[in-house]
Amino acid sequence: MLPELGLFALILALLLAALQAFFGIAGPALGRDRWLAALPMAVAGQAVMVATAVGCLVAAFVGNDFSVRYVAENSNTALPLFYRVTALWGAHEGSLLLWILLLALWTVAVAASATRLPPRFAARVLGVLGLISAGFLLFTLATSNPFLRLDPAAPDGRDLNPILQDPGLAVHPPILYTGYVGFAVAFAFACAAMIEGRMDQQWARWTRPWTTLAWAFLTCGIALGSFWAYYELGWGGYWFWDPVENASFMPWLAGTALIHSLAVTDKRGLFKSWTLLLAILAFSLSMLGTFLVRSGVLVSVHSFAADPSRGIFILGFLILTIGSALTLYAWRAPLLKSGAGFEFTAREAFLLFNNLLLVTAAATVFAGTLAPLIADTLGLGTLSVGPPYFNPTFMVSMLPLLALLPVGVHAAWKRGHLGEKARLLLYTLAAALVLACGFVFGLYRGGRVLTVIGLTLGIWIIASSLIEPLQRWRRGLSLSRAVLGMSVAHIGIGLLAIALTTVQSYTTERDVALAPGGSSAVGGYEFRLEQLQPVEGANFSGVQATVTVLRNGQAVAVMNPQKRRFWVQQQVTSETSIRMLRGANVLIALGDDLGQGRWSLRIQIRPLVSLIWLAALVMAIGAVLAAADRRYRTARAAAGAPLPAAAQEVA
Amino acid sequence: MNRFLLPLGVFALLAVVLAVGIRHSPDKGLIRSPLIGKPAPQFSLPDLQDPARTVQSAALQGRWYLLNVWGTWCAACRAEHEALLSIAHGRQIGIIGLNWRDTDADARQWLKQLGDPYEHVAVDRDGRTAIDWGVYGAPETFLVNPRGIVVYKHIGELTTQTFNAEILPRVRGGQGS
Amino acid sequence: MLAQATFKRAACFVTILMICWHTSLAVDPVELSDPALQARYVALTHELRCMQCQNESIADSPVDLAGDLRRQVRELLQAGKSDDEIRDWMSARYGDFILFRPRHSWRNAWLWGTPAALLVLGALVVVRIIRQRAALVAGDTAPVDES
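Protein chains in written order, with the numbering used here: chain A, 1 to 651; chain B, 1 to 177; chain C, 1 to 147.
Hints listed in this document are in silico derivations from the structure and should not be mistaken for laboratory results.
Mixed in with the good hints, there may be bad ones.
[To be verified] For the chain A half of the interface with chain C, some residues (derived, Cβ under 10 Å), not all of them:
{"hint": "1", "residue": "Gly-386"}
{"hint": "2", "residue": "Trp-413"}
{"hint": "3", "residue": "Ser-600"}
Quick reminder that beta carbons are idealized off the backbone N, C-alpha and C, glycines included.
Could you build all of it, start to finish, from the sequences and the hints given here?
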């Protein structure tokens, strides 16, 4: 019965979402303010219904109800309880349900804080969110019903894909999706402002904390995915420029641009139409990611099983939502005017370049990801685009971005006098260069020019981000959370630059063949294969190697990579063993039995690779700090007051 | 001209590209062979049934033939075997097998059990000939014309429908001569 | 009929993907005697696509075909072929699909040119905007919110 209840709840949720869309958009348009009173109930009801549906599916997983097809395909009685719950989002249907649940929760959060927004504006925001939710619910019910029954029921399930049986990947989708879906809020605010014709600075100020928060989640989600790929996929890579990764990276880049553009619109009332466009772009890219991953138009390691009918549905939905938003934009944006001015060295100018570089980066990733499709459409034949394309082209926009960051942060609004900070910036740059050279030529004894540039920029960004907080602290001035958050997030960027440069420049990797007792020297360590023995797990069996790591004849670590065979899906996975030694990650993966007692092993030493994920965490913390700034709360409180002349309705 | 219409225009183009992408998506796993219209790669490999003899591509010059890549480890090969037998039975075109990354004993056993549709089976133990032909999965079937030019390639299970619709008309029409 | 054929092909594609899910990585303990050749070998195998898995390089893919292709790369290297000759050799058999690094050809000019073109065009627009705004500074007396 529970699965039917879940399906029923989903249908009710669709009805409520449709009502929410109708009341929210038609109510203010027709001047029926009484309709607005129904919105909170529709929002809450929809969230309860979606949660009920999710609950029913979780119950089916926990109770091993293999009469439900989705459960039979993605779970198994031998699967541990934790993974039976996370198997919910192990495949297409369930992860779509998760998407919808998170959208419902974001909507509840917006509705809860909307009491401080002008009622009609709030209604329109909720209306747009309802429309998006209705579209995804309809998609689920029409093409991807997770509650389909099997008759007769399967005796046992086909199990969750073993590589998804991992704590990192279990929590990766919810966090990533929270980020994706969070951009829907900025999108809804933008659409509501355009429908209303009141695209003033207020709009930007309301949107900022939501966007920043969504960005923090997206950052964490992407970092977790990369971390998982590093230790679970088995070959020690942390970024593959795979279509699915790119699908999450494009909205991240657009979202980063949006955060900065929102700041200008909020503070100076400039770039209003551009900010609207970015808000549409960030969420459009999130939805496009969903399309790419689920429609089978691109080939990917992580993609869900291809199904063209789903692709057609999502494409139709994309055309409807993005198309309407862009039409609205083409109609409203020409009305926007601003008389504000700024000089060449003002912060506005730097942020304009920031946006140019970030959007170019997003467009580069976009071009590379869709190139096979575009070439196909134009009849240019098949082609592949991989890291040899993305790495250099991405750098073209990233290096200038990093170089402009320290100066831009310290440039003042409007006039852009750096003042005494110019001197400090030069000092920090010189210090960064010296440190980077010391690192490259002292510690690593050589490196490329790009290594020195990357490290210098990373250190310079960190040092210059510290100037403002330190100065305020020394003078006993208060430090707003917004400024603190910005500094922390930029320090994260600096750390990321350092980490990526070091990893790219100084990774050592070798595949070796060893018999027990044999050893091999890699990157200053000696690796001795001691023995191989069988291992047993709850739903797998395998082989475990014991490898002693020696440095200068002293044993410094014992590592145990495994090779596992999962019984149900008959799949072999490589469980790498990773140990941090002197700041570098030493990774050993067990390869194949080469015969005569010899086994192949991959040994990889990646210095500072952990710093990549730590840096992402620092960036996310900075974003959360900034989103918690006091002025956003007072901004909402003040919104009920009459609006200044500049913010009158344009229409 | 309203420059704010530009994003909508770009999006419209993108929608077209995506729509074409969906139309073609079932073919995503299939890659057009660059060999089509080019001379078939030469090979000289041991004969499965009589390893003392060789199967040579040069000897096949002057007539149409199908080159079918198979292995006993490949489930789809088993599925298409029936169709291969009926094609062989129709005597309209000869089939040369390329036994890819297999063991002779398994392959002989398979043909004994399921019937032998092949005129000859060339044995490609180390997969070099398969690479020359651009094979990336089994089964794959190539159609070669009397001048030794590859005119058609089918990836995946060959059915009698495909044979009648794609291969026979080419042979009868004498295309590529 | 057509729908069914389409479905079958889609199913076939899924099977191809499943092959790759089965295994996890290739560990290839072969080393060429010449360190320079070895470095080129590592670089080349990373930019050739495993045709069966479709999103892995032959360096990382554990399937047999990837192993055969790695052996082929080694042999071509030892035969003194240049990197470009080896890429052409592969492309002649498998098409440009096997190259993870799109060729620098006119046909791919749009792809390689996109980032630079966007940057140049964008920079022109940005500079124009800044010029316009710089002219407005004198007349703009609104206070700046420095909070």
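To see whether the hints hold, each was checked on the structure:
Checking Gly-386 of chain A against chain C: minimum C-beta separation of about 3 Å stays under 10 Å; hint holds. Hint status for Trp-413 of chain A: holds, given a least beta-carbon distance of 5 Å to chain C, under 10 Å. For Ser-600 of chain A, the interface hint holds, the least distance from its beta-carbon to any beta-carbon of chain C being 4 Å, beneath 10 Å.
This entry satisfies every hint, going by the numbered hints stated previously.
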